[in-house]
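There are 2 protein chains.
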Amino acid sequence: MQTVRAVYERYGYEPLETPAFESWELLSAKGGGGDAIRDEIYCFKDKSGRELGLRFDLTVPLARFIASNPQLPKPFKRYQIGKVWRYDNPQAGRFREFWQADIDTIGSASVEADAECLAAAASVLKALGFKSFTVRVNNRKILSAIVKSAGLESVSVAVFRALDKLGKIGEAQTAKELRSIDPKAPKILDIIKAGFSKLNKSMDGVSELGALVAACKVYGLDIVPDLSLVRGLDYYTGSIFEIEAGGGVGSIAGGGRYDRLIGSFGGQDLPAVGISIGIDRVAELLKETTATEKKVYIAIVKDELRGDAIRLANALRAEGIQALVDVSAKDLRKQLEYVNSNAIPFVLFVGPAEVKAGSFTLRDMKTGKETKLTPKKIAEFLA
Amino acid sequence: MQTVRAVYERYGYEPLETPAFESWELLSAKGGGGDAIRDEIYCFKDKSGRELGLRFDLTVPLARFIASNPQLPKPFKRYQIGKVWRYDNPQAGRFREFWQADIDTIGSASVEADAECLAAAASVLKALGFKSFTVRVNNRKILSAIVKSAGLESVSVAVFRALDKLGKIGEAQTAKELRSIDPKAPKILDIIKAGFSKLNKSMDGVSELGALVAACKVYGLDIVPDLSLVRGLDYYTGSIFEIEAGGGVGSIAGGGRYDRLIGSFGGQDLPAVGISIGIDRVAELLKETTATEKKVYIAIVKDELRGDAIRLANALRAEGIQALVDVSAKDLRKQLEYVNSNAIPFVLFVGPAEVKAGSFTLRDMKTGKETKLTPKKIAEFLA
Chain A
22 MQTVRAVYER YGYEPLETPA FESWELLSAK GGGGDAIRDE IYCFKDKSGR ELGLRFDLTV
82 PLARFIASNP QLPKPFKRYQ IGKVWRYDNP QAGRFREFWQ ADIDTIGSAS VEADAECLAA
142 AASVLKALGF KSFTVRVNNR KILSAIVKSA GLESVSVAVF RALDKLGKIG EAQTAKELRS
202 IDPKAPKILD IIKAGFSKLN KSMDGVSELG ALVAACKVYG LDIVPDLSLV RGLDYYTGSI
262 FEIEAGGGVG SIAGGGRYDR LIGSFGGQDL PAVGISIGID RVAELLKETT ATEKKVYIAI
322 VKDELRGDAI RLANALRAEG IQALVDVSAK DLRKQLEYVN SNAIPFVLFV GPAEVKAGSF
382 TLRDMKTGKE TKLTPKKIAE FLA
Chain B
22 MQTVRAVYER YGYEPLETPA FESWELLSAK GGGGDAIRDE IYCFKDKSGR ELGLRFDLTV
82 PLARFIASNP QLPKPFKRYQ IGKVWRYDNP QAGRFREFWQ ADIDTIGSAS VEADAECLAA
142 AASVLKALGF KSFTVRVNNR KILSAIVKSA GLESVSVAVF RALDKLGKIG EAQTAKELRS
202 IDPKAPKILD IIKAGFSKLN KSMDGVSELG ALVAACKVYG LDIVPDLSLV RGLDYYTGSI
262 FEIEAGGGVG SIAGGGRYDR LIGSFGGQDL PAVGISIGID RVAELLKETT ATEKKVYIAI
322 VKDELRGDAI RLANALRAEG IQALVDVSAK DLRKQLEYVN SNAIPFVLFV GPAEVKAGSF
382 TLRDMKTGKE TKLTPKKIAE FLA
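In the order they appear, the protein sequences are chains A and B.
Counting in the working numbering, the first sequence runs from 22 upward without gaps.
Counting in the working numbering, the second sequence runs from 22 upward without gaps.
There could be a bad hint or two in this list.
Put simply, identical chains are the same to the list, so a pair is met inside one copy or across any two.
What the hints assert, rightly or not - Mimicking DSS-like on lysine-lysine, the simulated pairs with C-alpha atoms at most 25 Å apart in a straight line are:
id	residue 1	residue 2
1	Lys355	Lys95
2	Lys316	Lys95
3	Lys197	Lys214
4	Lys169	Lys197
5	Lys51	Lys66
Just so you know, these hints were derived from the structure itself, not from any lab.
Chain A with its partners taken away, still in its complex shape (with noise of 0.2 Å):
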């Protein structure tokens, strides 16, 4: 979290925090997630008897602040790292209460914008040590233009959710769906299939998405357009992006242009355009190499000398390293399990020749390996 707040700033947005709970009538509006993410809100009454609901992502209470906070100077661009939850089945790289890491930038309608968040959380993964990833992006216009020109307007909610699914139960099954829903749909996967290069350039929203694709270009990152990109929310309006780097944890990051869900909160509309980044999965990825190397746990030869022991590890502290001393009275042998049970790295023996000499044994329990060490030392070589 500290890379990507720190990536983040580099890029200008700057920390906003909103609170885990909304009231209900806000989470659930119409324009705002959608019926799919309405049934999966944890939904509560405070004692007043306000309908509450923990949040579901971080937009919709960004949303919220920025319509009721007009006065703000725009571009207003703002990060966020923060819990959120959905009632949903838990499943691998799936939580009810999850981290997400978002970037917004409200106020620009301009696919600069775009490309910056995206190139934002790409820097954010590379920073992270991601050598390869996906970044595939389409354009709600070019999906509303595409089932208009199929004459299914009245149903494009219905089209949405079920070519959502591709790439989840097949081209056979999606069809099916599609044909459920209306006997011309399911001719929008060939649409769809031919792909992006294909499409008649007048139709709306393709020249925004090449747009896009040569403004990312700039930061040198390369995009793949996919018609058959979605997003599960109903609050996008234009671009929306996918990033993935495989490992079987799905999409790592997601988000898209959203320019009418601020006026839907009372404000003005506001252009509006984020991504985010779902920590869970990252961290999952990155199967986060834990604990540091610089951890030594200083053993209590004979408990009188506790004091010695607990100034040296202080000692050590001031100078970064993770200091362990007993707190429960162990004999040395005691302390020396715990070690193991552990893992340890090194031990630093506090006996009263150690302390006399004003030298330390500090041992080294994978190799075995004992060095005299005088405390100034200790940090030097431990560092």
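Using the hints, position chain B against chain A.
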């Protein structure tokens, strides 16, 4: 939070996360937070009818985790920085949603564990720049012994609650409240006012509190025994502590020993001690000096130079500089208006002559001073 995390880790506490909500049964259990807290829990039912509540602290969820994971090596030392929720009347320094940063040591009954918690919390405050703060300590065993000696054991919870208000409502009001519990109760105030040093050394808890004072001295930490310290939560069994740093925000940290909480959740009794730093109050006192001075706005003089501006921004970001570029196709005048309204300290102008010369004008917006710099020198200059 980065500082808190770093200092806690140096003391050997490891990160552990628990969910935002727990079962209502757990949160409201007897021997947990107690009646006052129970009334402040946000509770709700999920779709399967389970009664849940948002956590009111980080200790109860930890105790639940420990009770259901008895295999963990002891002492188990963890830290957690997370949000908690209380349906309280919002007031200065008291929110309905707030951050706590906790450390706990599970499995040690020694005052050494208590002292280490206090020392770690004090180190955090020092690392955050606090010059002075007061650590007040007491022991629930002493309070119980005093109440027992006055023959008030049967109403001890009510007596504790009245004593807890001493600092807020003053002696006269507290005496009145104690009298309403039992005519004998006000005399407890005399014992408390006489102070720790006047207590019978053989009284339960007295030698323990004395040992804690001595153990803290090893860390160079002076703590102040204060018999009027009670703490609001029911689960404490031994040492209790509070840290204050003035500024009218009340205590900024608090905690104590809770040796029976884990056992009450179905596991075996395990000695445990912890302390919680109130992040919002600490932040309030620090008045958080926001934003870095290493912040520069790259002004695009002509729109065809946008690519040059973005590449320059990316080069600066790679050096850790916060670099902003227009994403709204604003003209130069509007870009500079944005710089002013956001108080951005530096502007770098990207115009045709600058791009050609490979040297850019950096304007310090406070002094108006301009410096010509090559891209390589800009990061150096700003750093």
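So, going through the hints one by one against the coordinates:
When the C-alpha separation of Lys355 and Lys95 is checked against a cutoff of 25 Å, the pair qualifies only between copies, where the shortest distance is 11 Å, while the shortest distance within a copy is 61 Å. Taking the closest pair of Cα atoms, Lys316 and Lys95 come within 25 Å of each other only across two copies (18 Å); inside a single copy the shortest separation is 47 Å, beyond that limit. Taking the shortest alpha-carbon separations for Lys197 and Lys214, only the intra-copy value of 16 Å comes in at or below 25 Å, while the best inter-copy value is 81 Å. Taking CA atoms no more than 25 Å apart as the test, Lys169 paired with Lys197 passes inside one copy only; the shortest distance there is 20 Å, against 77 Å between copies.
Both within a single protomer and between protomers do Lys51 and Lys66 lie at most 25 Å apart by alpha-carbon distance, with minima of 21 Å and 24 Å respectively.
Figure legend: structure checked against the earlier numbered hints; every hint is met.
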